[in-house]
Amino acid sequence: MRRRSSAALVLLAAVVAGGLLGVVLIGQSGPARTTEPPPSPVPASQRSAAPSSAPSADQAATAAVAASLVDAITRADASQFGTLTCSPQTTAALRELQAKWDAAGPLRVALSGPPVVSGDRATVTVRVDGPGGHKETPFPLRRENGRWCVPG
12 MRRRSSAALV LLAAVVAGGL LGVVLIGQSG PARTTEPPPS PVPASQRSAA
62 PSSAPSADQA ATAAVAASLV DAITRADASQ FGTLTCSPQT TAALRELQAK
112 WDAAGPLRVA LSGPPVVSGD RATVTVRVDG PGGHKETPFP LRRENGRWCV
162 PG
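Residue numbers for the sequence shown follow our numbering, beginning at 12 and rising by one.
Since the hints were made in silico from the structure, they are not lab data.
This structure is a prediction, so every number in the text was calculated from the model and none was measured.
Heads up, some of the hints might be wrong.
The following label-pair restraints were derived from C-beta to C-beta distances [stated by the list, open to error]:
(1) Ser98 / His145: 25 to 31 angstroms
(2) Glu155 / Ala78: 16 to 22 angstroms
(3) Ser98 / Pro66: 22 to 28 angstroms
(4) Ser90 / Pro162: 29 to 35 angstroms
Glycine included, each C-beta is placed from N, C-alpha and C at the ideal position.
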């Protein structure tokens, strides 16, 4: 059981570190963080018209997790991010994440489109804009015990 927990934490760290490395590289310097989303790369008419075979409850639940993910990154709030993960995060892991976000500097964060849901799995792509450029990072989501969360 302890090995499985350690492996899960290592996996979450790899997923988060990969996405956040791009965030850190993008956000080197510039104005203060903003909650204003950048112009969406996907026109609203196309986002709302995106076909989905997933139940509307799953679309709504994954959209809520995606919005919370965007908010956590925008506010550089590792504690909030920790509430979105499937497995509880250690204080050290959250501190490390917070340090990375603090080092990233100002960021503008938005969804690139609606979550793509397939059964108990989903993907949400987050676009992060900073002084160093932009990056789109797909975040996996998983339904676990009836709750959608970021695996780890």
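How the hints compare with the structure:
1. Look at Ser98 against His145: about 30 angstroms separates their beta carbons, and that is inside 25 to 31 angstroms.
2. Look at Glu155 against Ala78: about 19 angstroms separates their beta carbons, and that is inside 16 to 22 angstroms.
3. Judged by the Cβ atoms, the range 22 to 28 angstroms given for Ser98 and Pro66 holds: they are separated by roughly 25 angstroms.
4. For Ser90 and Pro162, the Cβ-Cβ distance of about 19 angstroms falls outside the hinted range of 29 to 35 angstroms, so the restraint is violated.
Of the numbered hints stated above, the single one contradicted by the structure is hint 4.
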